[in-house]
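K.L.:
At the far end of the sequence shown sits residue 299, using our numbering, and the numbering has no gaps.
If you're looking for bench data, these hints aren't it; they were derived computationally from the structure. Model, not experiment: these values are computed from the prediction. Glycine included, each C-beta is placed from N, C-alpha and C at the ideal position. One or more of the hints may lead you astray.
Stated by the list, open to error - Pair by pair, the computed Cβ-Cβ distance ranges are:
hint, residue 1, residue 2, range
1, D185, P149, 32 to 38 Å
2, P149, R49, 34 to 40 Å
3, A262, R66, 25 to 31 Å
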Amino acid sequence: MADWDDLRVFLAVARSESLSGAGKALRLDPATVGRRIARLEEALGTRLFVRSPLGYAATEAGLRLLPHAEAAEQALQAAADDLGGGAGGVSGQVRIGAPDGCANYLLPQVVAAICDDNPGLEVQIVALPRVFNLSRREADMVIAVSPPTAGRLTVQRLTGYHLHLAASRAYLDRHGTPQRRADLAAHRIVGYIPDMIFDKELDYLAELGVAEVPLASNSVPVQLNWLRHGAGIGMVHDFAMPFAPELVKVLPAEISLTRAFWLIRHADDRRTDRMTRFADLLAQGLRRELLRLEAMT
3 MADWDDLRVF LAVARSESLS GAGKALRLDP ATVGRRIARL EEALGTRLFV
53 RSPLGYAATE AGLRLLPHAE AAEQALQAAA DDLGGGAGGV SGQVRIGAPD
103 GCANYLLPQV VAAICDDNPG LEVQIVALPR VFNLSRREAD MVIAVSPPTA
153 GRLTVQRLTG YHLHLAASRA YLDRHGTPQR RADLAAHRIV GYIPDMIFDK
203 ELDYLAELGV AEVPLASNSV PVQLNWLRHG AGIGMVHDFA MPFAPELVKV
253 LPAEISLTRA FWLIRHADDR RTDRMTRFAD LLAQGLRREL LRLEAMT
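Full structure from sequences and hints, please.
P.N.:
Rendered as structure tokens:
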């Protein structure tokens, strides 16, 4: 019979698809992880993984074991929450994946406030401009700019937000302020690297008919700092504008985009009261903070 500690190692390998990745997550050396997997396979009398050039892939038996191991993980976490979380409190570790605009300008203050009220809570924010894989547990929950269309996931619309073109006052003093959309052709544009746009909702400039992006980055903070230092004109989240007082909106009456944030969770996590409570606090906090920041622009 397998014990929970070995199942915990099994889950880590299944999610990272490597001994080294599992070892890093568990703070064990890869050799120890390998021995634990071998012990579990011996106890169960079946192979759970096949090693390939791409890493460790779960066998059919491993795939059958996975939901049972995840159920055990959730049951243990629920018990820990019930015994140690306090009435209505949230404790333990939560990892959030988010696009870097949200992660830099909204999540820090929202999460800090939640942690102030829940001192037993540990939160990790993974700010990467890409799609996260919840099945591999790269994050416990993800904030995205478009809802997924496949997978065993639960999806909640958090809130809409707005974007406008903006530039620094210094840039506009030097190069003039565009009076109509056609004037943008005479200005240097700041935006995303076209072939690194991971979601069509982020392809703002194509929507505006802008083909050339002389200054491009896959990072929202890099784009914002270019604009702050007078490099050109680019699309900016309204909620980020208070962090860049050097910027003013350009053509706000003619050009305004609306997008939405979505909270995505693995379907099985809906059974975990701790995650549900945290998700509710996160949703409420994000809505309040976004409204507060957009009102300042």
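K.L.:
Go through the numbered hints given earlier and state which of them the structure violates, listing their numbers in rising order.
P.N.:
3
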